[in-house]
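I would like the entire structure built from these sequences, with the hints used as guidance.
Top to bottom, those sequences are chains A and B. For what it's worth, the numbering used here labels the leading residue of the first sequence as 8, then goes sequentially. For what it's worth, the numbering used here labels the leading residue of the second sequence as 5, then goes sequentially.
Possibly wrong hints are sitting among the right ones.
Claimed, not checked - Computed cross-link-like contacts, EDC-like style, restricted to lysine to aspartate or glutamate with a CA-CA straight-line distance of at most 20 Å: (1) 260/A to 281/A; (2) 133/B to 201/A; (3) 145/B to 206/A.
Treat the hints as calculated values from the structure; they're not laboratory data.
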Amino acid sequence: MENRFLNRSIISIADLDREDMEQVLDVAAELKKNPRSDLLKGRVVASCFFEASTRTRLSFETAVQRLGGSLIGFADGGNTSAKKGETLADSIKVISSYTDAVVMRHPQEGAARLAAEFSSVPVINGGDGSNQHPTQTLLDLFSIKECQGTLDNLKVAFVGDLKYGRTVHSLAQALTHFNAEFTFIAPDALAMPDYILQELDEKGIKYSCAESIEEVAHKTDIIYMTRVQKERFDETEFKHIASNYVLTKAALKEAPEHLKVLHPLPRVDEIAVEVDSTPHAYYFEQARNGVYARQALLALILNEAVF
Amino acid sequence: MNKKLQVEAIGTGTVIDHIPAGHGVKVLDRLQVLNSDARITVGFNLPSDELGAKDIIKVEGRQFTEQEANELMLFASSATINVIEDYKVVGKFKMSMPETMTGVLACPNSNCISHNEPVQSQFSLKQGKIDVMMKCHYCEKSFSKNIVTELH
Chain A
8 MENRFLNRSI ISIADLDRED MEQVLDVAAE LKKNPRSDLL KGRVVASCFF
58 EASTRTRLSF ETAVQRLGGS LIGFADGGNT SAKKGETLAD SIKVISSYTD
108 AVVMRHPQEG AARLAAEFSS VPVINGGDGS NQHPTQTLLD LFSIKECQGT
158 LDNLKVAFVG DLKYGRTVHS LAQALTHFNA EFTFIAPDAL AMPDYILQEL
208 DEKGIKYSCA ESIEEVAHKT DIIYMTRVQK ERFDETEFKH IASNYVLTKA
258 ALKEAPEHLK VLHPLPRVDE IAVEVDSTPH AYYFEQARNG VYARQALLAL
308 ILNEAVF
Chain B
5 MNKKLQVEAI GTGTVIDHIP AGHGVKVLDR LQVLNSDARI TVGFNLPSDE
55 LGAKDIIKVE GRQFTEQEAN ELMLFASSAT INVIEDYKVV GKFKMSMPET
105 MTGVLACPNS NCISHNEPVQ SQFSLKQGKI DVMMKCHYCE KSFSKNIVTE
155 LH
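Given below as structure tokens:
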């Protein structure tokens, strides 16, 4: 197969078309079945986390090591020359001269796009402020395809904070390539932003809003949960609002067997622990899939032929 | 009726006509950023059959490129550009929306990386339902053109 990613930076999910996404998912599935410890042999990857992260950083670093590569980098920006006032452009010029690829997270929007313009090697965006987190979307898509057998024509319900959640925006945008149908369940103050709705309208994607998870569980394939953050509301308001967006076992009573629940994690209390033991819980497998999706990207970017 | 020109004619240069009254100042501001030495004659609130009142700006000795003219479109979308040579109009065009704009306007997102780094701002432009929407190349956020501020 033709490698669509050789030496390519991965900055925004909007840069990927359907065929690109499918290639990453195919390679991720293959690597999950048949691990390869040679694909990054002799390669050095920089893991530059100007902002702290748990899952993203650890899964990227696991992915590099599982493929036989080695790592340099830092886990937060506090001890780097950025603190001394060096521009990101200069930092990346130097770091890219040491390595074969740069994985980065940064607190400012647009940082990864800018880094790619100054880097001599491919850059993978591990999150830039509130903007993009394309590898999260790829692992979400991989998990959906794995548990549903397809990405086409699925009914997906998004629950919780749909206004600020970049994972929700990117996943909704990605699923427009696969003719998905969406239900949005969110407090008014955290509703899906207009610019996303406009995009869905332009692409002819069907969507609706619902008041509760119970209302739609029986006719949904995927429930994508997110956390309603306390700091966005005052305390009494939060207690009142948050309880409507908590997933319990009872809410899934009518759910079809194949319905799966995803969550980008960390979870606080928006999914009751009792849901973990139901056949619908898929969020921990989803987190594990982060390693395979990131392995697939790294392998494709740094090898002419993967299989 | 007295057909005398309301603003003195220029030999060579560019006349930006049919600027909606009141918007001339914005265009002027932008012109001075583009070329601070240009000799500029302005007329504000002149009578206009089409607009009722209009502003007009004449730039002497400098003929605008289409891209430069189009960048002004954001400040006065109905304006027309007349390129003058030897007191005659040798080119006349209505501005159209440019697809991209580089280094003219600052991104309104204060957390956008373009503010602190050695790069020029970049936007792609799209006609929205109500207004022209500008999407930042870096932070990917979209803004109505009215809230994007000029760089100085």
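Checked hints:
no.	hint	verdict
1	260/A to 281/A	holds, 13 Å
2	133/B to 201/A	holds, 12 Å
3	145/B to 206/A	holds, 13 Å
Every hint from the earlier list agrees with this structure, and none is contradicted.
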